[in-house]
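For the record, the sequence lines run as chains A and B.
Just so you know, we're using our numbering here: the first sequence kicks off at -6 and counts up by one.
Just so you know, we're using our numbering here: the second sequence kicks off at 2 and counts up by one.
Just so you know, the hints here were simulated from the structure itself, not pulled from any lab data.
The beta-carbon is built from N, C-alpha and C at its ideal position, and this holds for glycine as well.
Just to be clear, a hint being listed does not mean it is correct.
Said to hold, decoys possible - Interface residues of chain A toward chain B, partial, derived using beta-carbon atoms under 7 Å:
1) Ser(-1)
2) Tyr0
3) Ala39
4) Thr72
5) Phe240
6) Thr258
7) Asn384
8) Val385
Claimed, not checked - Covered by chain B, according to a simulated footprint, are these stretches of chain A (three or more residues, beta-carbon under 8 Å):
9) 2 to 16
10) 181 to 187
11) 226 to 239
12) 350 to 359
13) 582 to 591
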Amino acid sequence: MKKILSYLKPYSGLVLLIFLLVSVVAAGQLFLPDYMAKIIGEGIKAEFRLTTDPASGAYTLVPQSVCEAAGSMCTVVQTSDMAIILKYGGIMLAVTLVSSISAIILAYVSSHIGSHVGKDIRRDLYKKVSSFSASETETFGISTLITRTTNDVMQVQNFLLMALRMLLRIPILLVGATILSIKNIREMTSSNELLYVLLTGVVLLVIMVAITFILVLPLFKSMQKRIDNLTLVTRESINGVRVVRAFGQGKREVKRFRKANDELTDTVIKSGKVMATLNPAVNLVFNLVVVALLYFFFRLVTGSSFSNYQSLGNISAVIQYSTQIMFSLLMLTFSFIIFPRAQVSAKRISEVLAKDIVVKDNGNPEYDDMDIKGDIVFDDVCFRYGDAELNVLDNISFEAKPGTTVAIIGSTGSGKSTIINLLPRLHDITCGKITIDGIDIRDLTLKKLRSLIGFVPQTATLLAGTVRQNIAYGKADATIEEIAEAAKIAQAEEFIEAMDLKYDAVIDQGGVNFSGGQKQRISIARALVRKPKIYIFDDSFSALDFKTDANLRQALSKVVGDSTVLLVAQRIGTIMDADQIIVLHDGHIVGKGTHKELLESCKVYQEIAYSQLTEAELA
Amino acid sequence: MKDEQNVKSASEQNQTPSRAPARGPRGGGHGPGNMPMGRPAEKAKDFKGTVRRLIRFLAPQKIELSLMILFTVIMTAIAVYAPNLTRNIMNTVQEMIIGTAPSDAEKTILTLFFITLMLYVGRFILETVSFWIGNIVAANIGRNYRKMLRDKLENLPIKHYDEHQTGNILSVFSNDVDVVTNSIQQSLIQLIQSFLMVVGVLGMMFYISWKLTIIALLILPAYAITVSMISKRSQKQFVKQQKELGSLNGHVEEMFTAHKVVVLFGKENQSFNEFQGINQEYAGAMKGAQFLSGMIFPIMNFISNIGYVLVVIVGGILAGAANPLMIGDITTFVNYQRSFVNPILNLANIVNMLQSTVAGAERIFELLDADEEVLEQHLDTFADHDFTGHVEFKDVDFAYVKEKELIKNLNLSVEPGKQIAIVGPTGAGKTTLVNLLMRFYEIDKGEITIDGIKTTDVPREELRKQFGMVLQDTWLFAGTIRENVAYGKEDATLEEVMQACKQAHVHHYIETLPNGYDTMLTEDASNISQGQKQLLTIARAILFDPKILILDEATSSVDTRTESYIQNAMDYMIKGKTSFVIAHRLSTIKRAQTILVMEHGQIIEQGTHDELLSHDGPYRELYQSQFLKPMI
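Bound-form chain A, shown alone:
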């Protein structure tokens, strides 16, 4: 939570204003009962009229004792002093006007702060995630990063708004109402019974609220967990419905669900019980306090000699203040429900913001304008993930010269994709060195490094937009000719031209309106339009059928020219003609050479090759 509160700093002036406004609003609320007491006390009087002349109705005002002695000659008449009543009434109206205007300004300022703090947090989260390397995104997982940037920020925002508008007011009201009650009691009497009743009531209420808080907070936390668990179980069953039914595990999944459902309901009932007791209990204590106050007031009146209505005004003020105290405490309980969730959200946000980025951009901008040829050297490179114990890659050394093609082949988990992910620094190596044209890639700025590379990932990811926009993602100022050329080489021209809107055809979010093969070809075109110095194909052709694969490679061979090509593939046919083939096994290079050389010398390569093609085909 502290981290979130620090987001208030840029708005500290406004926050101070809020404190001020809250005080004014609370003060306004506190004044009114006191002034009403004054109106009653000073504005309403009992006059004891002793009739002097029954005929004319003339009378003189006498003290109460005299009147009692005079029997029926004396009447009691209640009068009101217009001037005083109007005076105090006017003050009350003015106070309420000021308070209300403050409340409206408060609503505005708090909305401003709330929405802007939310905006700032989202901005920082987005920036942070953008700068993540693959290790960091893999640590969290994409979907939780999305949730944290959207839902969790909303939780925190809601809580902030509520705190600014409601919660800040509560301590002021509690303290103010208590003080003013004591003042009014003191005006009535110097004895302490009323005081004890009031303070006992207040203390009792505060204790009750505190106990509820302690009991309920862990329950709400547990409830949140169980809600998440129920959602998980349900989601998995829905997403995996084919597998569930194929293996006949429907009953088991339902059982899983029922267990989670029952657990959740139990917690709901438990926490509900606590809250269900609190409300009526608070009401009861409050009512008892009021009755007690009245009772002791009644005793006071029978025991002493009041001569005016001041005390009536006082007691009604005290009762109204007690009401305010009770309402404030009840408002506090509303926050119990929202607070735990906001706290959890705040923690999740902080985790992301505090994450250390491994791949840092410390490049030398001097290299930015240098003409790089693309001579790649891996020098005794090793790599392991964050806190893993074993290296995924070990002793990786090879050179890829400009104008040549280097293919990488190997078993699952052998580290093929990992190697090429190291080149654009999606991860940083653990030991060794990777250089391009002799320059360590860590000495290049990330911008320069990545501008040299045209990368086609294993699965094609396209963005919502037109085909043209997607291909032009590789080169911002690409002309339509360049785009068309790239599409042609990528074997995408045919299906693009077959569409009504051609290059202006819209790709939906997630690319669902295009087939895997089509998406892959657009993804390839995107890399091609860049005309980069280094091409990297991460098993990019497996989504294409054999014919398209072959045509594409043929077209590609004509344009790569002096660039370096790194190619990861599974099909021997794809890599057979590479200038150099690197065979990986369990993170080590077990073979390096041409196809013919490896067929003779490398056992792993032989196994792969013969599992795919006959001897004749391999010749």
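Add chain B to chain A, keeping to what the hints say.
For chain B alone, coordinates are given in the frame of chain A:
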């Protein structure tokens, strides 16, 4: 995940049933909703019908609910009447001060105190019991609804799952059930309470002083005008806010998912700028919405206070009138006046809430009413026959969508123990064949038989037990590795699990994990690689030991060398078993005893690899393209 399973290409997309669009992001979620004031309410399609149905659903709880209602009525009556007692007390005390009190005043007062005390204690008891009942009733209603919905899911055909987004289905379970249970627990009580309060308090106010009541009522129109004016504007802002939120969520989701691409092409700044634009818009819309709805309360308060002050002033004046108002009268009146406004506000809110509730209930009923699978037939059983695995398709027709034909007049005979490879361009109908074999979808015409037994004559569960399926999309659940591999066979021993994993070539990997077979997989099994996931699903199928195998491009993420090891294990497993393989891999295809080349739902070629090569057909073309002089 699920999406990729059956949405293969643009053309096949047209064949599969269309999906309902995802519903917008829902704010609030669990727990008490946000201040409904100023927010536009959801409208139900058939209000009356849904309400009637809801009431019927609540029938089993009618005793508890009636008790709750009864208690609420009594409680509210006490709440309305009790201040009147204090009024009498104060008035009598006032008389005592000026000495005009009757002689038995003290006794009267003490009696009043006693009655008041009893009423309050009684109210406490009723309130607590009522809330407890309400809590338990609501929680159980929630539990029952969720249970019913989940049970319903078991009877829904795969078609329903394909046509509806997971998020929307989940939303019914969480948001909609919550809204309905909250309503029952809170809105119902509050509705009765508020209504009775308004009537009761108004009555008491009149009883005390009709003149003051008129003054108090004068301000009511001011409330109405203010609220409606502000609500109109704030609703517009809320709608705008939701729209911007949708854009924001969409952008974030897209950019984070495409993170690797953004980074590789150096587009971080551009995507950030786009984001900031939407972020600003959203913040602006939210600020407007929050401000406008946040203004309602202070303004209402102000109007209340004006009323309060007016009443105090006029009350003070009336205190000096010929038939004077007592001070107790004034203070109690003011009390009533203060407690008069809230219920009116509550009533407005509740109307809103009820609309949302009924809309939510409607969605629940929609799901509960969804078309179920065709009923099970129990005309035959595999147990009665010797199983050989002779699969036949006879004159089968099928289409996802009536107008878009997919499979027409398919005839296929698979001899027992033979391995069938299915190849063809995307959209050809390959996964559809699997859907039909497993009866995930029902055929429109014709029949599929296994050993002469129609697949529609046996219960689905029994049919599916014959098959072992390994899908391209790897589904594992959040449990231990052992649980996942033993998914089809819960009573499998650890040795059996290990054996299956050894054959799937994943045992060694599992042993390198800190907890081995007890390692917990996270949600979406994100803590292991795609390749390992695939091997686990293969192990799972091996352990299941089915009679007929379906491999749906299962091994495409696995390299050919490991695949060859698996092939050995599979060969052993396949011995004598019929298997269907949808493959892209030449090696797999070459091993098959029969290859089916499909296109547009038709089998256009059928034969062994050598036979097909010798024809000058589509297969030969497909195969040959592997051998154009590779350039790289």
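Worksheet item: Within the stretch 181 to 187 of chain A, is the number of residues with a Cβ closer than 8 Å to a Cβ of chain B three or more?
Response: violated (count 0)
Worksheet entry | Status of the Ser(-1)(A) interface restraint (C-beta, 7 Å, chain B) | Because about 19 Å separates Ser(-1)(A) from the closest Cβ in chain B, which is outside the 7 Å limit, the hint is violated.
Practice prompt. Verify the coverage statement for the stretch 350 to 359 of chain A against chain B, using a C-beta to C-beta distance below 8 Å and requiring 3 or more qualifying residues.
Written response: Answer violated; 0 residues pass the 8 Å Cβ test.
Fill in: Interface hint for Phe240(A), Cβ within 7 Å of any Cβ on chain B
holds, 4 Å
Discussion item. For the restraint on Thr258(A), tell me whether the closest CB of chain B is nearer than 7 Å.
Written reply: Because about 4 Å separates Thr258(A) from the closest Cβ in chain B, which is inside the 7 Å limit, the hint holds.
Worksheet item: Counting residues of the stretch 226 to 239 of chain A with a beta carbon closer than 8 Å to any beta carbon of chain B, are there 3 or more?
Response: The restraint on the stretch 226 to 239 of chain A holds, since 12 of its residues have a Cβ under 8 Å from chain B and three suffice.
Worksheet item: Does the interface hint hold: is Val385(A) within less than 7 Å of chain B, judged Cβ to Cβ?
Response: violated, 10 Å
Worksheet item: Counting residues of the stretch 2 to 16 of chain A whose CB is closer than 8 Å to a CB in chain B, do you get three or more?
Response: This one is violated; 0 residues, fewer than the three required, reach chain B with a Cβ under 8 Å.
Worksheet item: Does the nearest C-beta of chain B fall within a distance shorter than 7 Å of the C-beta of Thr72(A)?
Response: Result: holds, 4 Å to nearest chain B Cβ.
Discussion item. Under 7 Å is the threshold here; is the Cβ of Asn384(A) close enough to any Cβ of chain B for the hint to stand?
Written reply: violated, 13 Å
Worksheet entry | Interface restraint verdict for Tyr0(A) against chain B (beta-carbon cut-off 7 Å) | violated, 13 Å
Fill in: Hint status (Cβ of Ala39(A) to nearest Cβ of chain B, threshold 7 Å)
holds, 4 Å
Consistency with the previously given hints fails for numbers 1, 2, 7, 8, 9, 10, 12, 13, ordered from lowest to highest.
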